[in-house]
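Hey, can you piece these two chains together into the complex? The hints should help.
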Amino acid sequence: MKRYHMKDKININFWQGIAVVAGVFSFIICILLIANYVHINRNDPVNTETLNMLVERLNKNPSDFELREQVRQLDLLARKAYFTTQWQIRTGGYLLLIGLSIVVIALQIIIYNKKKEPVISEGRDENYLLLQKTARKWISVIGTLVILIALVFAFLSHQNLENKFKMAGQNQNELVNKVIQTGKNNDTDNSLQAVTQNLDTMESVEEEPSGISEPSETGDSGDSVVAEAMDTEEVFLITDPGPAKTDDNFTGFRGPGGNGISFQKNIPVSWDGETGKNIIWKRAIPLRGFNSPVIWKDKLFLTGANDKKREVYCFNKNSGEILWTSEVNNIPGSPAQSPDVPNYTGHAAPTATTDGKNVFAIFSNGDIIALNMQGERVWAKNLGLPDNHYGHSSSLIMFEDKVIVQYDQKDIARLIALSASTGDALWTTKRDVKVAWSSPIIISNGNRTEIIVSAEPFVAGYDLNSGKELWSLNCIYGEVGPSAAYADGMVFAVNDYAKLVAIKLGNQPEVVWEDEEYLSDIPSPVATDKYLIVPTSYGMVVCYDAKNGTKYWEQQFDNTIYASPVISEEKVYLIDKQGVMHIFKVDKEYVSIGEPQLGERIVSTPAFSDGRIYLRGYDNLYCIGKL
Amino acid sequence: MKAKIAYILLVLILGIQTISVQAQQRFPKPEFESGHTQPSTLTPETRAQFLEIIDVIVLVISLSVISWFILKKRSRKGVFWISIFSILYFGFFREGCVCSVGSLQNITLALFFPEYHVPLTVIAFFVIPLIYTLFFGRTFCAGICPLGAIQDLFAIKPVSLKSWANKLLGLFPYIYLGLAVLYAATATDFVICRYDPFIGIYRMDGTFNMYVIGGIFLLTSVFIARPYCRFFCPYGVLLNLVSRVSRKHMTITPAECIQCPLCENSCPFDAIDKPVIINVRDNRKSAVRNLLLYSLLIPVFVFLSGWTGSRFHENLANVHPKVRLANNLIENQEDVAEEVLEEITACKSSGKPAEVLYNEAAAIVGNFYIGSWVLGAFLGLVFGLTLAGLTHFKYKTDYTPNKGTCFSCARCFEYCPVDPENFNPRHSGDEKISYER
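Sequence order for the protein chains is L and F.
Residue 631 is where the first sequence ends in our numbering, and the numbering goes up by one at each step.
Residue 766 is where the second sequence ends in our numbering, and the numbering goes up by one at each step.
The shape of chain F in the complex, shown without the other chains (with noise of 0.2 Å):
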């Protein structure tokens, strides 16, 4: 029975592989009478629509499977095989796009340019696993995301990061989705998709750069869990804010926390909240007037740092290729690079007015100066908040995980030495490892 329900399994889904040959380009390949072979691109072929609406049904069934293992099951196992099976279909079989990284970006370009058409699936990749995160956390990031799957399978010796370079390490992300979505609101370029340091390996296809990237990250998740995740990835920046309030966010406990200390160094993403203990009242005014201070220096924050952005439009405004272009005209050095050489020779050829583009520069680095002051107020009322958030605390006695960088990944769940069998079904098959006092 098993047997033949592997056949059909592996019927179907060899038969939805023959669903892209209804995919067209919409401009197709020049067809070489030589035996030319085409060279593969770096973006993946057009997908059938057909395919594009499984992709949104796979992604759906998945975080309801993956939440169901986490929240239900508590099962590490579970959410280990769903990371494989991300890893095989949101990155080798769909090559790693369009994801709900990425995204962002295309909904930021909606948004500034109307005119700009977003496919539904690109909507729906953006929309879902916020979603789920609002009700069940980060289950998204447990298993589901083909980035943060990769890494998950090279965290082997995983260390403990200082709280203050977690802290630090974690304002980056913010620094990140602020610059993707300048980026994408100006329509320069899509940062995240250019510097996504996977990609490369699931596409099979790639810069050299693009694999050292990868392959740096990926030696570097060995020791620091999921680097990207953590310290880069801008999409975790919506997911963290959402799963703060997420309404039914996993456990380290299946029942009431004992205060034993056995999983307090279990995460390997260091997202487990300690217990704040009781003599740290003493110092309780000091807090308060840190509170106070840093409050009212949040405004100075925001306006210096925006201040601050305003004057570095212009390198981030340097970026944008017409604008690149445009200061290449103008300085009109010999000793330019090829490509560059190879943009100036396209655009006189095009032979569109210089001042056209010139205009059309000005106004690009004008969107960029405002651009560049919401960019820095943005960063300075992160970095605000932190710094007041760090002035406060609340007396708690469990061990909780920090529903903001908790990825769900369920490592904890094995270390918690809780009778389970008034609470929780994982130990009536496949848990190895029990807990005796």
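This is chain L alone, in the form it adopts within the complex (with noise of 0.2 Å):
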């Protein structure tokens, strides 16, 4: 016999009621709850029928301010009544938990307390093996109804997914392709054109017909030039294959063909900001950016942004005056939000270009716009937003009737020309390398021109016509950010945490020497035939045999330097970020000009032009002349 009794008597009847009461008020709190919730998902408490009606009459009779009170408050009144349920639903919430613990402890309390009669089955001697040969047959039976229904399932929805979209990313690349074939995109006939047209940002805002643009006026390009110094005898061998070579015009970031050149003479060595000497005329900038002037005969090009706004500024290069302002906005793909760029880079870091018809910027939410002389819009379109921690900075740079544009981004690093006139890609080379931001340049050697690039993990040549890639040498890596420079067939790269490398080009380029002393991570080198200049951030500036790498000098200067310097008349112009100036002679041996002050801080390059400087500083512009 069994018998089994309790040690402490507990009101069970008691506990019982408290479990139906509080149970009784969950499954109230709960049904009110659900039908609450279908209440607040079947009514827009904005969007009822009384308010669109009184709005609609509103609408019919502006003027009616008692009515408009009226919807007022039966807006404000459809709010309250939102939020209060919204707030029901939450007390709700808290007593149905509240009810159901109490239902639990109640419940849990009786169980513990009441007495356990222990339930012997009937059947004890179960046969096990037949207990096994059913849940056999069972999980076989199920098993392989799952197998059918997931079989069926799978020929019935099979769509070949992985092929599909190899084949529609493939369709994007000949998209590409017969952009650059025909130079426009408004012949694809294929369902992805709407999604290639945003996504792949290759349509242009205005509906020109397309195609090669003519090339540019100025097209006697790839010629070498002698420059010859106005001082001494020594004879600079530069190239230039832009369009305008020895005229007054300063067309990208570093000069024509961006190699740090200026063909200027009667450049002033001596200016003071604050006292005003040699001053021709300083005018605030709208809005900042870091990128550099650019000229075209009268005309001085800017480009300023902030988050939420970018704009292109055109300045009379002789009087200072703000001739028109451009804002860029509205361009189809151009994504809702600026991304996220630290405030040394800023959101215009990129220098814009121009080609004397039109002038070209790109901002770093991808947008690149092209304007006529007049300000007015030619094309305007959107990359991609750049995937790029630092934010974009690579320039752009022209050549006859292509915009050309660096665009290595972390998630795709493309090299791309665009019709000046029309913006269609005439060609896309991707390029195997990493995020960087350093600027293309374009050079002349013997009967090729060619870009160059810098990006880890090589220095490559591409081009200039097709974008196919001519040369390359895995010799840099890390975050690339200065540009390369160019000699009397001499490439130089450099960066820091890596090396500078002086490359010999020719039909197999080779490094012909390199260095690890001193190394940039902003400041792009500049060179001659015979010397080589390398600024770092730091201050310190060295000078190279170009040829063979031998070290002549170096020179540590107080402040850090951002700007890249200019040669112009065998003199290097180079601004720290203080707004010093150090002009120093291009020679064996560190001479120093002249270190006149501007008397703010800068970080853009300095253009010339006319026998003038223009110098960008965080927030003016300068005209440096001598008066």
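Derived from the structure by calculation, the hints contain no laboratory data.
In this text, a Cβ means the ideal position worked out from N, Cα and C, and glycines have one as well.
Be aware that a few hints might be false.
[Said to hold, decoys possible] These stretches of chain F come out as covered by chain L in the derived footprint (C-beta under 8 Å, 3 or more residues):
no.	segment
1	489-497
2	506-513
3	527-537
4	692-698
5	707-720
[What the hints assert, rightly or not] So these bits of chain F aren't anywhere near chain L, every CB distance computed over 12 Å:
no.	residue
6	F379
7	L380
8	E381
9	V385
10	L400
11	F422
12	V447
13	L482
14	A516
15	C522
16	V551
17	P604
18	I659
19	V703
20	K732
[What the hints assert, rightly or not] Quick list of in silico lysine-lysine cross-link-like pairs, PhoX-like style, CA-CA up to 25 Å:
no.	chain 1	residue 1	chain 2	residue 2
21	L	K141	F	K614
22	L	K434	F	K651
23	L	K118	F	K402
24	F	K603	L	K137
Structure representation (structure tokens):
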């Protein structure tokens, strides 16, 4: 005989009553909550029939202030009701939790204190084998059923997804190729068009009949010119393939070809920002940007941007007057929000470029725009949001009818040539490189004119007409910021924590010398046929023999240097971040010519035109000339 | 004295609450001047590192205490109060995150994506219950896991399921585990967390569907005890396997089993193995034949199931947001759901080239093809081994807890009539029933 007895007696009936009451309470709350949920989902508080009717009436009679007030009151009421319902749901949730907790506690107390009556199976002697057989049967049946259902479902819904996506990716490539061949993309009749137009950003704003535009008026590119130094007999061999080689134009970052060489003469070597000595004019720039001035005849162009606004400015280079400002907005595919970029890069780091017909500018969000000389939009597009942790800063460069864009981003690295007249992609070359902040340069070496680009892991040359890679050398790594320099058949590339390399071009380009002592992470080097000047952001400037890497001298300046040097009349103009321009001779020995001060912080590279220097400080644009 | 201790504990608990102010959002929420109140999110707030260490310490202490209650004190009452504590601390206070069940996804993701950093707390929550299970059986399930503890409270009128149903439904956790690992390994989603039925309750914040699923599970728990633990929990699969080789698992009887049948229906989870009586010996020959047959069929099951899985890989891959988005873009459907439209709009405005998206999607589908083969083969192996396991048996005379499925809840202790005086001190104080012959 077995007998169970309770040690502690409690009032089971009492707890049963508690459980029932709490259970009923919880049930009611639960029903109310569900009803409330259904109600809140069915009704849009600000879109009720009555409200809409009143709004419609108000639209017909906007001067009815009484009706307006009525709409406001009703709208307020509806919103209050909505938030009250939200509050009810939350409070109801807590009440339900409390109710259920009481039910559970009561039931547990009852269970705990109730007699435990062991339940003994009647058929104790179960046939174990039979139980196993039944289990096997059901597992086999259900397993087979699962497999059959999975197979039927798989075959019915089979889409060959992997190939489908690969094909779609190839279609994108073909579309790009078609653009290259035809110069237009409006004849692509497939379902991807909408996607392509938006995602691959291959459309121009204006539906001009596209095609490869006519060559630039100044198309005698590829020539080498000899610039004579004014004060010495030394001759520098300088390459200038750009459209404006010896006139007063300064068409892009670090001048024509992007090589840091100016052909200007009679450039001043002394000025003072504080006293105004040799400061011809000074003008405030509406929006900040770290790009450098570009100049075509009497017009000087700058860009400025913040996270909400992007603008292109045209100044009269003689008077400083802002001739026009063009806001860069309403571009299809442009991201709703600008990327989050550090302040030291900003949203307008890349320098614009111009061919005398249009000016081209690119911004941190991938928006690129072409404006004519009057500031009217010619075309605009978005190249895709740059996946770039410091912010996009590669400057544009022109060659004949092509705007060259170095777009080395994390997700995809590309070198793109856009038609200057239509914005259509003339060619796109994928690059297997890491994200970079350097800018392309264009050089002419013998009969060949090519683009030189530096980004981890290689320095490479590309054909200007096809975008085809002509050569590449794995010799650079890290987060490449400095652009390459070129002189007399030699390309120089440098990056911090990597090395300085001198590459001799030819049929098989090769590294002829390298150095690791002084390396730059931001400012770019500049070269002549004899000398290579390498500035560093920590203020050290070094001069090497361009041919063999022999170090001639090193000079430590006090301040940080972000701007790149420009050679003009055998003198190097290198401005530091505090606005001190270090002017020194390009020679085997360091010979300082002057250190005039601007009196404003600056990271932009100076532009030279018509015997004057144009400097963009953080907030102001300066024109410096001999008064 | 007791009152003083209670006050000190209260002050300590309240003090710990203030530590959370040390936790800072990596990306602080914007502050609205209009008085707009930030809606609460579905993921819990960042916790201070100190609190995370406390969590691990509490986990270890709780596991130690509950193991002591089960193995030494043989006290159901102790297990019950630890369950209540776990519900309050690991459930409501910690908002159910990170839980050991979900942590296996973090571990999987880290294995396949080395750049993903797994917090040490997560590793601790994954490993520590496994270690305790290796030594003491599933004491974690008994009352520490907040998901199990809340279901346990609702086990009011549990019914016994047929043994074949238990075996069959017991395979579902393997499927869930396989899917969870596949989706974590492909960085698709943490499905265990997404479909956690009780997280909404613990956070008092969730979608209506989360509450509905949670409510269904709790209601089911009234009649089928711990349905999630038994038939869904993927972490339970690991604990089940580890517990089978546990060093010191709890026993129903404190001494030698006298083969009385009093405990055989005491387990609400059908986790008591009954004696296998001698008269089945006659069928031994057919049992051996079946064992050989099913053992030989295992490779067939593995291949067939793997192949089926590979055929099904596209359906599995469609869960991945990039695959879904790429598919929607190609289809260029206009009548898609609003949220899909939002995804498409967001993708377009991000400026990401379509080519990149398509290539990524193709690579993901390729990964799913391999993953689905592995998943299918794994499930085939599980089915095969289960079937083979159902062909053999060991003769035994005692009632024993099934070391794999037993949650060590200690309910069966109270039904054992073996005189404990020579063995266990449990009858010294709070025992409320006694057995007389």
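Verification of the supplied hints:
1. 489-497: The restraint on the segment 489-497 of chain F holds, since 6 of its residues have a Cβ under 8 Å from chain L and three suffice.
2. 506-513: violated (count 0)
3. 527-537: holds (count 3)
4. 692-698: With 3 residues in contact (Cβ-Cβ under 8 Å with chain L), the coverage given for the segment 692-698 of chain F holds.
5. 707-720: holds (count 5)
6. F379: Check passes; 29 Å lies beyond 12 Å.
7. L380: holds, 23 Å
8. E381: With a cut-off of 12 Å, E381 of chain F remains clear of chain L, as the shortest Cβ separation is near 26 Å.
9. V385: holds, 27 Å
10. L400: Consistent with the label, L400 of chain F stays out of reach of chain L, its closest Cβ about 21 Å off (over 12 Å).
11. F422: Consistent with the label, F422 of chain F stays out of reach of chain L, its closest Cβ about 14 Å off (over 12 Å).
12. V447: Non-interface label on V447 of chain F holds, nearest chain L Cβ at 24 Å vs cutoff 12 Å.
13. L482: Label violated. Min Cβ-Cβ 5 Å, cutoff 12 Å.
14. A516: holds, 16 Å
15. C522: holds, 21 Å
16. V551: At roughly 9 Å from the nearest Cβ of chain L, V551 of chain F sits no farther out than 12 Å, so the non-interface label is violated.
17. P604: The claim is violated: P604 of chain F sits with its nearest Cβ about 9 Å from chain L, within 12 Å.
18. I659: The assertion about I659 of chain F is violated, with a minimum of 5 Å to chain L.
19. V703: holds, 15 Å
20. K732: The claim holds: K732 of chain F sits with its nearest Cβ about 18 Å from chain L, beyond 12 Å.
21. L:K141 / F:K614: holds, 19 Å
22. L:K434 / F:K651: Since the Cα atoms of K434 of chain L and K651 of chain F sit roughly 23 Å apart, the hinted pair holds (cutoff 25 Å).
23. L:K118 / F:K402: holds, 22 Å
24. F:K603 / L:K137: holds, 17 Å
Violated hints, in rising order: 2, 13, 16, 17 and 18; the structure is consistent with all others.
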